[in-house]
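Generate the whole structure from the sequences, applying the supplied hints.
Residue numbers (the numbering used here), protein chains in the order written: chain S, 1447 to 1793; chain R, 1447 to 1793; chain L, 1447 to 1793; chain F, 1447 to 1793.
Just so you know, the hints here were simulated from the structure itself, not pulled from any lab data.
All values reported here derive from a predicted model rather than from experimental measurement.
Do not rely on the hints blindly, as some may be mistaken.
Chain copies aren't distinguished; within one or between two, either way the pair holds.
In the DSBU-like style, the derived pairs of lysine-lysine whose C-alpha atoms are separated by at most 30 Å in a straight line are [stated by the list, open to error]: (1) Lys-1550 <-> Lys-1746; (2) Lys-1669 <-> Lys-1586; (3) Lys-1746 <-> Lys-1560; (4) Lys-1560 <-> Lys-1698; (5) Lys-1746 <-> Lys-1524.
Number of protein chains: 4
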Amino acid sequence: MLKVAVLGGSGYTGCELLRLLLSHPDAGVTAVTSERLSGTPVSDTFLNFRNTDLRFEPMDLKVLAKKADLFFLCLPHKTSQQTVAFFHEQGKKVIDLSADFRLKSAAIYEEWYKTSHSYPSLLKEAVYGLPELYRDRIRKASIIANPGCYPTSIILGLAPVMNKDFVDPDSVIIDSKSGTSGAGRSPAQPFMFCEVNESVKAYGITVHRHTPEIEQELGNIAKKKLRVIFTPHLIPMDRGMLSTIYIRLAKKTGLSEIRDIYKAFYASEPFVRVLNDGVYPTTKAVKGSNYCDISLFMDKRGNSHTLIIVSAIDNLLKGASGSAVQNMNIMYGLNETAGLTTSPPCP
Amino acid sequence: MLKVAVLGGSGYTGCELLRLLLSHPDAGVTAVTSERLSGTPVSDTFLNFRNTDLRFEPMDLKVLAKKADLFFLCLPHKTSQQTVAFFHEQGKKVIDLSADFRLKSAAIYEEWYKTSHSYPSLLKEAVYGLPELYRDRIRKASIIANPGCYPTSIILGLAPVMNKDFVDPDSVIIDSKSGTSGAGRSPAQPFMFCEVNESVKAYGITVHRHTPEIEQELGNIAKKKLRVIFTPHLIPMDRGMLSTIYIRLAKKTGLSEIRDIYKAFYASEPFVRVLNDGVYPTTKAVKGSNYCDISLFMDKRGNSHTLIIVSAIDNLLKGASGSAVQNMNIMYGLNETAGLTTSPPCP
Amino acid sequence: MLKVAVLGGSGYTGCELLRLLLSHPDAGVTAVTSERLSGTPVSDTFLNFRNTDLRFEPMDLKVLAKKADLFFLCLPHKTSQQTVAFFHEQGKKVIDLSADFRLKSAAIYEEWYKTSHSYPSLLKEAVYGLPELYRDRIRKASIIANPGCYPTSIILGLAPVMNKDFVDPDSVIIDSKSGTSGAGRSPAQPFMFCEVNESVKAYGITVHRHTPEIEQELGNIAKKKLRVIFTPHLIPMDRGMLSTIYIRLAKKTGLSEIRDIYKAFYASEPFVRVLNDGVYPTTKAVKGSNYCDISLFMDKRGNSHTLIIVSAIDNLLKGASGSAVQNMNIMYGLNETAGLTTSPPCP
Amino acid sequence: MLKVAVLGGSGYTGCELLRLLLSHPDAGVTAVTSERLSGTPVSDTFLNFRNTDLRFEPMDLKVLAKKADLFFLCLPHKTSQQTVAFFHEQGKKVIDLSADFRLKSAAIYEEWYKTSHSYPSLLKEAVYGLPELYRDRIRKASIIANPGCYPTSIILGLAPVMNKDFVDPDSVIIDSKSGTSGAGRSPAQPFMFCEVNESVKAYGITVHRHTPEIEQELGNIAKKKLRVIFTPHLIPMDRGMLSTIYIRLAKKTGLSEIRDIYKAFYASEPFVRVLNDGVYPTTKAVKGSNYCDISLFMDKRGNSHTLIIVSAIDNLLKGASGSAVQNMNIMYGLNETAGLTTSPPCP
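Shown next as structure tokens:
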């Protein structure tokens, strides 16, 4: 039984991670931390855990280091840096759900996160934890930088074609819609029920911090530096993320030919489903599951044809804690779908 | 591997049942029927099942009888009667999720359901499938009448005290609130999004068909014929059912003493959680799980003290498909919690 | 043009009050205060007011006293006491939306609000602002204690029969369901979108502060001291409040006879609608309006018949700001429905 | 008092129109039709109208022609054609909320609506009822083709710059999000509460019938035939529509310069608000009002700068019935904002 600890477990991501790990066949949670809630039962905070005995404990790294082999970090960016470094030095493995080790360039990190990066050397060692792109490297990694939710839905949506000569890699426009759990559990006026309910709004236009992460990974595939236009929106639901992605074709290419490329690319992926012609993804169909549903459409009406990709994930699962567990499974040679196999409840 | 079939699988109850059965360690779904959708993939109707190959088939009873050992019936009442009778005659076991075999009296059935009962003799054989009351009989049953959602939340809330001399069994008032999935999947104007959203209403006052079922079971415990006042409400959410139950005390009795009675009554129950003093159940804490959370309050301000019981379930799980699977586990000597162990996702 | 000021205008009640007053034909808003937001445009906080030039100003009572004739106080209880006293001394009229002057007994106020009352003499002068009960006194009042939202929905539901000998005034059980705007606009974890959405819960059982207010007014009508059982619930919607009220009959009486009593009682009321036999109130039908919809049902199944009353209001209108404007209209001899006449939008 | 009739008044658009007209100072509703509900009180269908005596009547055109001067048509497309023609022949004025007279080309109408147009000559006479573009022609019109909801939010978002040389008119990508009331009131499985709630999906990609309407009007401004990419989405809310619009700049131009162009363009418009730098529109801020809120953003990160326009309307008001009333006010020389002046309720 693999011993794992969850650091910063009092938010929605920590809660979802605990949920998955507590019913995982091969992993056991030995510690979960929260400075603020230290000493209190997890079930007092997360009522869905009324059947567990776990208690939050303080974040004493030395004590924790003895308790587990793998550490999931659900800490704020910046704080995560030194914690990752500490466990790495102790020879422990880390899956970091913050943004601290996602960007390979410390300079770009500093530009977008407005803070310094103290462990640039570890940036090289960290593996970007998107199994569909980096499964082999994840297998051997000791530090996983778990991808952001928006980047996951977007990179999976574009990966099969970003290196194809029939697309224009500089034409990407992404319009994403997210449920509210992505904003976290801390009280804040804009996320109060009466503010979010019966409303939709865009936010963070041109400044959202997931932008460089998207550009880094799409650029890696396209083998060129590129820029994307990315507009996130907040919609009135708990969970779910839908990205509608527009990319101009450089060369007219049939939709079914492109769909075949997608189907081949994801043929052996357990969690990516390329939908058939005309089938629309919905976030409801992936809510509560680790799936990413992708569907392809083509706009041939204008002069330049445009591929329209719609991808749907559960932001707390494939967009965060689910992919973290998938990464754990890969790192430890477990069945990749262990703990992630239930069909999502519907409705 | 136990072979099971789901008849009438195109509604929300059927969908939830399939979800549980498809990831059940000891059961395999060999058939799922829908007259209307016959021949089409289940995954075309329920997008959350995009990873299964099941197809709906027509309801040809003779063909079906050869395919499975246990039949889950999610059919309309009245239709269910003869189907239960057919499989029973074939020596098969049946879990009937309709109301057809819940009431022991054919006369009361006919009064409330405005239709005749053609198999009164089977009413005696059928076991009311509430494991917390009838586990031993369920073990040996060949026909299970799976309880209604409202009755489950209410009977579990009152069972520990209905036979106590300190309550007045004739004083029960129940005010229940249900999410919308209980109304089913068929299109109907009152359940359109814009009608349900941002609204709450009562319905079925004094005429809701779950009333005689509640009275039968509470009367059995109290060992007397009794009547309850039952008011269901529809609220804008997918799943969840909260019952607030008022029962006058016949004799002043301390709340903690009563809570001890509840804790003892449910001590070995895997799916009933009696909450501590002052903790309020929420449907969110049980959404997606088979739990029933119960909390007790006492109003001592009036002349006669009143016990206020709040109970929360997921109407599609403990209120329907979850309890059906629990009943299956008991009937076949499986681990009672098999297929029902995941903590609910939150939020 | 009547000059009015709104003190404590940065919450949902203040916002709704401003909305009504800004389109009122006979009143003009001369000031709106918020300590925290002082100096900022109202339209920065309430985006629905993008078309007004109002700015929040600090709560300098002497300055304010010169600006208006009538003061609406949306301040926390306790704070409201001295503010009411100040304006009263200046000869100004006040409509206080806090709880400070609703209870006629300072002792009961202190018991429930856990704080002293410094102006017990003004309690006598204040008029409980429920026009359906106290219209004549409101006309001449200088201090209006604007009723709480729950009490409004409940008192209107029971007023026509509380003094009738065919009801048992000591048997009242009230089960209320409220949207989330009643909890206010300040950030708090329990009212975050992801906590409220897809959930329902009871709260404040036996301790909710609206209890003595309900008991005071029902007791006044019944001409006896009485106690009620009151259970509020939080449901996932912005606005709306539904109270389901149970009162045992002391003497069997026909439902249509009772409905006639209600229809007569409210015959000339512009904002109370007694619905016909079998019609259920919904909060959606009153959302955005000052109406209270009431419907009556009878449970004759038990030994003692029980009258079940369902009443629906918009908690921010008839439950707060709408009734405040109605009170203003009465105090100043304006058309009682002025500024309150639009039908509610639907859906 | 202007006499008006609403034909096809049993849907959400008809309901909203009635609501506005019933409190309009200068118009009186003399008839409202519904074949299906003929003879029944409007208040039985729309509970928010419990205070009116209107009854639905059958659609007998000759009878109706005598009852009113202006006819609002909320009929399905195709049916609307002959009804418009009939009233026009009778010398009556018509505001048609269907799509039948929006497209100036019968051929394009037939291509998108898959049905013939029997009155191509009237297409020339009909005026596209967007006051911000065609106020002078609306004043003299006898047939108004009331714009679609999506086109309204999009055309208002692009009108000020479509004829400017600094934009590339062929680069328009529109990603719109709509509440569910736009789908109408007829029961349909995809719009049931449990299907829409907690989900988001795209639909109608490249085939939505509002596309040619958008292209016609933007093309008129740009003085060239153009094509747009338009992706509508359904989100879980009753009302509200947000369009996020991307248009590439042909020539680098400052954001504040562009905002000045918008502010000048809409300077005297009563219902269009151009928001300040960095302020995001939300549908909540316009819900229940006739406003269109527009905000501008610039993405300068790529090689070609892109203007991002976000516009928000209430789909039932500025997107349908509100603009119909605005058109009526203009046609009859009434105050353009009459009946449309209330600030929207919030939350």
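Results for each hint:
1. Lys-1550 <-> Lys-1746: between (37 Å within a copy, 23 Å between copies)
2. Lys-1669 <-> Lys-1586: within (24 Å within a copy, 60 Å between copies)
3. Lys-1746 <-> Lys-1560: So Lys-1746 and Lys-1560 pass the 30 Å test across copies only (20 Å; inside, 42 Å).
4. Lys-1560 <-> Lys-1698: between (42 Å within a copy, 28 Å between copies)
5. Lys-1746 <-> Lys-1524: The answer is between: 28 Å across copies meets 30 Å, while 45 Å in one copy does not.
Of the numbered hints given earlier, the model fails none.
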